[in-house]
Amino acid sequence: MRIVQVKCPSCSSPIYSKQRDQLFYCEKCNVLHTRNGGVEKLDFEIAEFNRSLSGEKVYVPFWRLYCSFIIRSKSVEGGHVFRLMSWMKDEDGSGTLFIYIPAADFDPSAFKNLAIGYTVSSPKYGSRLDFGGARRMPAVMSREEAVELADFVVVTMEAEKPGVLQRLDYSLTVNSSKVVYLPFIMGQSGLKSAL
Amino acid sequence: MADISVGLNCPACGGAVSVVEGESTLLCPYCSSTLFIEGDQGVTTMAFKNRVNRESALKASRLWWSRGWKARDLKRVGRTTEVYPIYLPFWRAMTRVAGWICGYEIRRHTDSKGRVHEQKVPKEVMILNDYRFSEIATDPGDLGIRSLRNFAGETSFADFDMIPTFEATTSKDDALARARSDAQSRARSSAKVSRVTMERLHVLTRRLSMVYYPIWVVRYTYRDRMYMTTVDGVTGQVLSGRAPGDPLFQSLAITAGTSVGGLAAALGIIMSGIAAELMIVGLLAGGVILYITYRFFRHGSEIVEGEFKHKPASVSQTIKELQSAARTLQEAYR
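These protein sequence lines are chains A and B, in that order. Here the first sequence stands for residues 0 to 194, numbered as in numbering that gives the first Met the number 0. Here the second sequence stands for residues 0 to 333, numbered as in numbering that gives the first Met the number 0.
These aren't lab readings, by the way, just hints derived from the structure by calculation. Model, not experiment: these values are computed from the prediction. One or more of the hints may lead you astray.
Stated by the list, open to error - A few chain B positions that, by computed beta-carbon distances, are all more than 10 Å from chain A: (1) SER180; (2) GLN236; (3) ALA255; (4) VAL259; (5) GLU276.
Said to hold, decoys possible - Pairwise CB distance ranges, derived in the manner of DEER restraints: (6) SER93/A / SER155/B: 55 to 65 Å; (7) LEU52/A / THR168/B: 54 to 64 Å; (8) SER93/A / GLY13/B: 54 to 64 Å; (9) LEU52/A / ARG145/B: 48 to 58 Å; (10) THR168/B / ASP91/A: 51 to 61 Å; (11) SER31/B / ASP91/A: 47 to 57 Å; (12) MET185/A / ASN8/B: 29 to 39 Å; (13) LEU41/A / ARG177/B: 28 to 38 Å.
Said to hold, decoys possible - Here are some chain B residues the structure puts well away from chain A; computed CB gaps all over 10 Å: (14) SER193; (15) THR234; (16) GLY256.
Even glycine gets a Cβ: it sits at the ideal position worked out from N, Cα and C.
If we strip away everything but chain B, and leave its shape as in the complex, we get:
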């Protein structure tokens, strides 16, 4: 768990000591003094060491260009205009949730005569779990980064003079409130109690720290339009990016989608002679396929990956939306 460490000196003997992120006490290995770490307003501040150079960031970015539904000639036509590292501040919190959620769920079953029976099943679920939370502590602009994915690495403030650093602009209290709220909602969903009659949850903050994380920004042009990718300065992986889509993929998708959707609807109408339900199923299937096709065509001109505020819907997100709509309809029908 304790992945991050930073070097300091013992105030008693001057010996080098290593502070594990989030710990408030440590022992000097030379003089055995007990040492206490007083953070800035109670918050431990850490910076990850940048382990990626310009070439590696460029390589990761170009590799990302060639993946997925992006323009096929992107690697040939795309021109890199800027590659630079920055430090972004993140709040990082570790919380423990302890408590109980009591309630019940309704189970339905159909007997041999087709009658639906409802059974109330009482539930009591104990929660005693740790949760990790992170969020960016500044306005990320168009970078598409809102939380930390990597929590392991060497820490050092050595690069601070050379790499531009974004100042933290969000408050510790707000971050803590969001971390607690996040832990509480994750605990609730893990309990899986659909109808709650009593909830006593306690969120304990185990650690709160400010982490400065190195990010490489790669900006490039493609047919006179600007795009970007960001690369993790510790792991070297692409975190977010915008890239041009491929018109051919869009055309193929709209052609295939409308054909398959139309066929499904037509098949349903033809089969209605056998059973009326088949027509409804066919029409519904056709409609769903057409909707997914439309979403892909509508947003396929730009491929977006990462945590952007305004992000076009992906196919998987569209499917989730449809599933949610289906559940709502199902509930209404009941």
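If we strip away everything but chain A, and leave its shape as in the complex, we get:
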């Protein structure tokens, strides 16, 4: 086992932080990098806070995966509504969508709600260059794990529609990925979107 000081791969400045995080952000040169399987700079976006909301500002990291899918066949007992239909481009059952996977540590229920909520309704936001002093929730999930979970999100979207899902034969390809920090307000009842 070896322990090393984390430095920015761009400017070599040491990274100082108050929390353990899988994503390392350099405030000097605005570079985000990860070290899972080697040092790698990441493409990322920071969403602007809704200025009309007040409270403790928190940024939550998400993996935004741009995916294409092809549905070959499906079977639902007692239902037929098909959520993936809304992203279908062609009659051959293919389409594209953005899947949002929360990268922070959430309990299964919160994880599912955030992933499904933002995937079903893609967030609209203006972006900014830095975090503006707002707290960042640490990321605990790697991109590889997020890619694995993309399939889980798709099936969950379908399974939670009326009826009991019996079969969904489809393929899902992740074309690109990006880290997106979405703004939230920490309230007494938990996190609330601040878009």
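Could you slot chain B onto chain A? The hints should help.
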């Protein structure tokens, strides 16, 4: 969850930092530097501190001798020949399974006219659970230890020079594959979907570490035969062991078992005048009792506890075997 920690020094300021097992990053409490832990080929290695001494190991072993169906004079006649600690390597993995299992189950019910109806009940079950896995990373020989039971304790490599250490001989990839397979099968059984039409399960590896665990080996003789017990070097509990059985218990069991089994069968034959089914029930009950008695008598000369490769069947295992056979018969009958 994070039970194990080990002390290291910050490369930036030299301050002492504590690394929680499985974590890849930490913060120096003195200079606030973010630190990254690079494990050996990506695997964090830990060693539990030995907290048991020779006397405690012996005491635990002797206490184990007096429990269960072991020879009643074992404590008086048994002679300890060796007591020594060793470090055994274990793979330890934490996995998360996320996915869905869809399918259906068939429910049968009988109406007032005695007709059996079948109902197909569709099911969709979401899986989102964490699973813990451990397995020994070397050939355990005759020690009867294959997995870790305790995951909490202080870690330290301080005892490594004094305690013989077994080298890991199994590969990380194989261990990881087994951990994933174990998590997947546990997720499947938790879903309880008997007839599966679709399964999409994803296993994420949260942590993989190599844990060196202290074990005390106590070898002893009883009437010129060699036996052993192993004692957990952290908790002080007996993990596995072999001990002589008691001939008196065996004799009593065979006498009582054959009598009760014979009586059950005879009762069934006598009651056949009332209903033919009673004879079948009686004969079956007698046969089951005789089988359990035979298994106990056959293997009762040695009491074995732990995860041995070739372990004689216990009474509970025999009952499980019978239950399984009954289920198979029931399915075949349907």
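Hint check:
no.	hint	result
1	SER180	holds (16 Å)
2	GLN236	holds (29 Å)
3	ALA255	holds (51 Å)
4	VAL259	holds (49 Å)
5	GLU276	holds (39 Å)
6	SER93/A / SER155/B: 55 to 65 Å	holds (57 Å)
7	LEU52/A / THR168/B: 54 to 64 Å	holds (58 Å)
8	SER93/A / GLY13/B: 54 to 64 Å	holds (58 Å)
9	LEU52/A / ARG145/B: 48 to 58 Å	holds (55 Å)
10	THR168/B / ASP91/A: 51 to 61 Å	holds (52 Å)
11	SER31/B / ASP91/A: 47 to 57 Å	holds (55 Å)
12	MET185/A / ASN8/B: 29 to 39 Å	holds (35 Å)
13	LEU41/A / ARG177/B: 28 to 38 Å	holds (32 Å)
14	SER193	holds (14 Å)
15	THR234	holds (25 Å)
16	GLY256	holds (49 Å)
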